[in-house]
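Chemist: So you can see what is in the structure, the chains are spelled out below.
Protein chains: 2
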Amino acid sequence: MKHVRVNSDRLWESLMEMGKIGATEKGGVCRLALTDLDRVSRDLLTEWCEAEGCSREVDAMGNLFFRRPGKSNSEKAVGFGSHLDTQPTGGKFDGAYGVLAGLEVIRTLNDHGIETELPVELVVWTNEEGSRFPPAMIGSAVFAGAFDLAYGHSRSDLSGKTMGEELERIGYRGDAVPEDHEYAAFFEAHIEQGPILESIEKPIGVVTGVQGVNWYDVVVVGAETHAGPTPMDQRKDALRTSSMILRDLYRIAENSGFDARLTIGEHRIFPGSRNTVPSRVEFSIDMRHPDLQEFDRIDEEIQTAVLSFNDSTDLEVTVERIWRSPPIQFNSECISRVRNAARTCNFAFNEMVSGAGHDSVYISSVAPTSMIFIPCDDGVSHNELENTSPEFAGAGANVLLHSVLASTGNYAWPNLLTFSVSEMRSLTYCALLAKKTSSRWSLPKARCS
Amino acid sequence: MKHVRVNSDRLWESLMEMGKIGATEKGGVCRLALTDLDRVSRDLLTEWCEAEGCSREVDAMGNLFFRRPGKSNSEKAVGFGSHLDTQPTGGKFDGAYGVLAGLEVIRTLNDHGIETELPVELVVWTNEEGSRFPPAMIGSAVFAGAFDLAYGHSRSDLSGKTMGEELERIGYRGDAVPEDHEYAAFFEAHIEQGPILESIEKPIGVVTGVQGVNWYDVVVVGAETHAGPTPMDQRKDALRTSSMILRDLYRIAENSGFDARLTIGEHRIFPGSRNTVPSRVEFSIDMRHPDLQEFDRIDEEIQTAVLSFNDSTDLEVTVERIWRSPPIQFNSECISRVRNAARTCNFAFNEMVSGAGHDSVYISSVAPTSMIFIPCDDGVSHNELENTSPEFAGAGANVLLHSVLASTGNYAWPNLLTFSVSEMRSLTYCALLAKKTSSRWSLPKARCS
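Sequence lines, in order, name chains A and B. Using this note's numbering, the first residue of the first sequence is number 300, and each one after it goes up by one. Using this note's numbering, the first residue of the second sequence is number 300, and each one after it goes up by one.
No wet-lab data here; the hints were simulated from the structure. Mixed in with the good hints, there may be bad ones.
Stated by the list, open to error - To be clear about the criterion: a stretch of chain B counts as covered by chain A if any three or more of its residues have a C-beta under 8 Å from a C-beta of chain A, and this derived list gives those stretches:
#1 318-325
#2 351-360
#3 494-508
#4 575-585
Predicted model, so just to flag it, every value in this text is computed and none were measured. Cβ atoms here follow ideal geometry from the backbone N, Cα and C, with glycine treated the same way.
Turn these sequences into a full structure, and let the hints guide you.
Modeler: The following block contains the structure:
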């Protein structure tokens, strides 16, 4: 069983085929949730899964459940999957990779005639991106009970069309209910959407949780004056003060260790005239940390730092925390299975937290859950240039396969030293590197020996 | 002659009357160059000046010359004036004050039957603001030969109408030429448009020159990444780097003494999404200094400081100086006459440079020129809330009157200690304060004794 491996080429072909639906000129994909293109991608996946003997159920949010029966079909299934919708200028891998890695797991089980103890289900969650219908991850949120169905159905796009209407229109408003799809374990494979695996040269991320995120809005109010006559020390220059605040904020992140993230992504200045001292600056803060205690400490440090400028300057500074999503810790048993699966396949791995949100955040509240990351080029995602390699895609699918097999009760851990030398050679990271053409991934020979 | 004084109430009434032409709801004025409202204001001024016995000439740029003859009419005249056009949301005093203070000088000469040795001319320069037809100060620039007439006539507004067409339309395209209007001296009274006189509590600014101005465009190019996954030390955050550049730039200004000014008035960030690390920041720099050597030193320091970030970071930083206007030094004899006029009237004064540009910058290249400032509330200008007081307006007009009288040869300097005690009492700054109702201007009694 430990020597069973997916077919990386077949997985890559499926990714390329799926990537044609909504393909953009720059090599990306635009396949917004519940558009005709989304329907075509769902239809294609259904065709593929039915060819593998899976049955399909659709729930009221359009979430899809493709079931491969096991020996004990009254037991909870082992689930895996992700999403098929994309950003407006998205790539071929964000979401689709997790879905098609799941399909490849089913195909591999069929190839080898493996009957699992528990049934398995490949799941597609509706509208993960939230690009067309905000907020993000509505399908998994309704499934997990975080949003109710009426809320999910009433979300509307910019033209006023609701998710309920669009589900009807494309024929994907079903009648399955969450109770029909309880999971003994759930796994989601995904591209990392960050540069860490690439920079440390490891093909697998064992994802232990998801960062907490706080969003803030900061406003600095000074006074507008002519750029010429007013001496520097008589100005209430909102940009000058906000630049000092920014320095303090970046320092907080720099002093809070590797896991802390701080981004000021929106920044507006008023009146925005070349020869007028700015009277008002508005900016956002996005702060992330995976550890709850540290997350809350940094939260307090940020708010204190910003507000201190009310004392140290005669400008008016306000900060409002507009969103708080505390850190998520995935199920330790599921994490352990992913870790062991990587070891089984002899892939170097990195234990890490996800910086981005995923459907698994919601699923983890109703089922033991964890995630598997693979590298993506330059860490680029939400971008038409998003890319990975057939080797990394296959590696992640192999880890998914063995995580699933460990969860369906098909074999017991740990017995990790039984693979052959040839298997070691073929599946090590260095072997993967040798196959990848990108020079970015070429390593000094010494490190591959 | 030294005891001759203007009628401050009459001047204030004229300011209020002129301020009705284009009056806005918030108490300001919108009277853009060469609109029908501009025509109405020119017609009103013409009516007032002709009532005082002045003749009028109009040149090809619509500049107006109202002449009061003297004894020696073949000699160069003494000129004074400013502009009647305003910003779109301008005030009642920027420009109009200098024109109507000039009218008040003529009325006062008539009141007292003073025949000046040289003729005097009140001048209105066309399109000082440049709000409708960029650039600013076109009328005085063409008069001084800095722009040629064809250039001036071809300047167009956003709807494509040219100054030449609009001058024809409102009936103010005349045939006078600069040679007809050479000046022995030229004076411009103006509100300060800055807070210095108010903060040091002096009613008169003796303007010795105009700051040099450099404009720069700076671009910082980093890389766009997701706010979550990318560790702080692997980011190329354009805003983080630009905030460091800003701190260095503000420090340069702070370390360059009282006269240095640095304003970052435009600042744009891309892509401007809350959860995306900014890849690009563009900002402007407006740097001013009145001393040429210091002006050039700061110029070099700014460019060096910005470019140093190409070495200290792996982002790409560029700086381009897009405009350079070196400092202007007014005529020392004219400055001296303004200073002596302020002493004659017993007004406390401050020698200062103008931070803003004025028609006098161009006129100073063809005639001995200087300027007289009066305080404006909070230093606010280019704003509908722009304000000053009848007392300050009268004070500036008195200084203008005596600067003109000194230039027309009607009396010789210096003989400054001949005014009466009652005159001292009525015209000191403290007396002015006592008449002004705004609490901002109330002083501790000790300082008025």
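Chemist: Now tell me, hint by hint, if it's right for this structure.
Modeler: Hint check:
Under a criterion of three residues with beta carbons nearer than 8 Å to beta carbons of chain A, the stated coverage of the stretch 318-325 of chain B fails, only 0 such residues being counted. Restraint check on the stretch 351-360 of chain B versus chain A: 0 residues with Cβ-Cβ distances below 8 Å, three needed, restraint violated. Counting residues of the stretch 494-508 of chain B whose CB lies closer than 8 Å to any CB of chain A gives 3, so the stated coverage by that chain holds, three being the minimum. Residues of the stretch 575-585 of chain B lying with their CB closer than 8 Å to a CB of chain A number 5, which satisfies the three-residue condition for coverage.
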